[in-house]
Amino acid sequence: MNDGIVYLVGAGPGDPGLLTVRGREVLARADVVVYDALLSPRLLAHAPPAAERIYVGKRADRHTLPQEKINALLVEHARAGRTVVRLKGGDPFVFGRGGEEALALAEAGVPVEVVPGVTAGVAALAYAGIPATHRDHASALGLITGHAAAEKTDDPLDWDALARWPGTLVFFMGVANLPRICANLIDRGKDPATPAAAVRWGTTPRQRTVAGTLATLPDLAAEANLEPPAVIAVGGVVGLRDRLAWFDRRPLFGRRILVTRARAQASSLVADLTALGAEAIEAPSIRIERPEDPGPLAAAVRETFDWIVFTSVNGVDAFFGALADAGRDLRALAGTRVASIGPATTDRLVAAGIRPDLQPETYTGAAVAETLGREADLGGATVLLPRADIAPRQLADALEARGAHVTEVVAYRTVPDTEGARSAAEDLEAGRVDWVTFTSSSTVRHFVDAVGVDAVRASGARVASIGPTTSGTLREAGLEPTVEASEHTIPGLVAAIVEAEA
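Heads up: the sequence shown at position 473 corresponds to 473 in the working numbering, and the numbers run straight through without jumps.
Quick caveat, the hints were computed from the structure, so don't treat them as lab data.
Don't take each hint at face value.
To be verified - Here are the simulated distance ranges between beta carbons:
no., residue 1, residue 2, range
1, E480, P192, 48 to 56 Å
2, G254, T304, 51 to 59 Å
3, P296, R331, 45 to 53 Å
4, A351, H137, 42 to 50 Å
5, P192, R432, 36 to 44 Å
6, D454, A37, 47 to 55 Å
7, T304, A430, 54 to 62 Å
8, D329, P296, 15 to 23 Å
9, R188, A430, 41 to 49 Å
Note that CB positions come from ideal geometry on N, CA and C, so glycine has one too.
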């Protein structure tokens, strides 16, 4: 029985946050993802790791695969019983050739479902501070192709009707023909002083807006060296941009920031940077893995301690995973006091059902031991430290110096991740990176090993460190941090970058 199906999914105009809930749902069960150019790599992360990913991107006249072969590819995989997601920029039925693909699938007898997406014709304008409609300026919205289909010799557009259009005109794929578009509208009677704008890479941190009038926009776009992809808006609503622009006024707008944290841990940093307008480039230098020998941790969760000190989110996850594997639950911690280092660690403990008894304000080993010593007599106390395999001995030594009996167990391993090293090196060499962030000593060591100190220095990129320990490792490697977070957390790191940019 053939249960194959193709979902034509609109991915939105560029901001991965504009993918619809339905789009994310079907991506999560895809066997094959056939995707276009101009899409954020973060969208592909919604597909299962085992899903086949096939790039068929098109840009202007550069086509990776002709449309007919794309159609055949979709049919082939669906007939093999696979769930296929055809991921297309914007909305698949708005100048996305989704209609052609849907017809080809229908004619081949392949089930197809269309998942609409947010079109750039509305979203790119909104991110530029231009409402597509407004009661005082535009009661109609027209979406128009900016170039005639390749197989057509005559201009299919009724320019007289477009010049009389009682609202906003939005031209897709029209940058190359911008002078002609403006001239045609003016020649047919459109006021040359009509506000007009071109928005390139709309909804992304690379967004750039050039605004003027029908008469001035072609020259302004040429002076700005504006290239595709872009949409062109014509109408009175463009005049509202000066008051309504918001996206390109965020504090980190347009900054490209390398995130070297482990991919599984990077989401909060990426989200915080993106929310402030930056383009976060994920280039993890480490990944988190289970211990080579899980025995010590498995034994530790069966013992009773006076204190357990959690130093990271990874340690929390590993400990409670081992506790569950041992057939035990939170009741096993009755009588044990818990200390947490850092707000993220505390949040993860609370999510697991534990409210820490103690959260030191300073995160160095000596400071943690001093805080614990003020809270309780550590003489003879048993303390468990579930930590990384490469964690320094500083905390354990400080606790033992106060008379505690410390048990250190490897809860997880930090290992090099070189998957994104080549891409990161290329971005640095091309001058496409404004900041490189480091959230631990291990991210420093492994990033430097994979990419090299010289690559960072030569790029001119600034370096952001989460705290003194990480800064020390950076200096040992030959890199001076531009900023160091005063609060040694992800929000503190972001705040340091924002302050430096301000």
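Check your understanding: Hint numbers the structure violates, sorted upward?
Key -> When the structure is compared with the hints, numbers 3 and 6 turn out to be violated.
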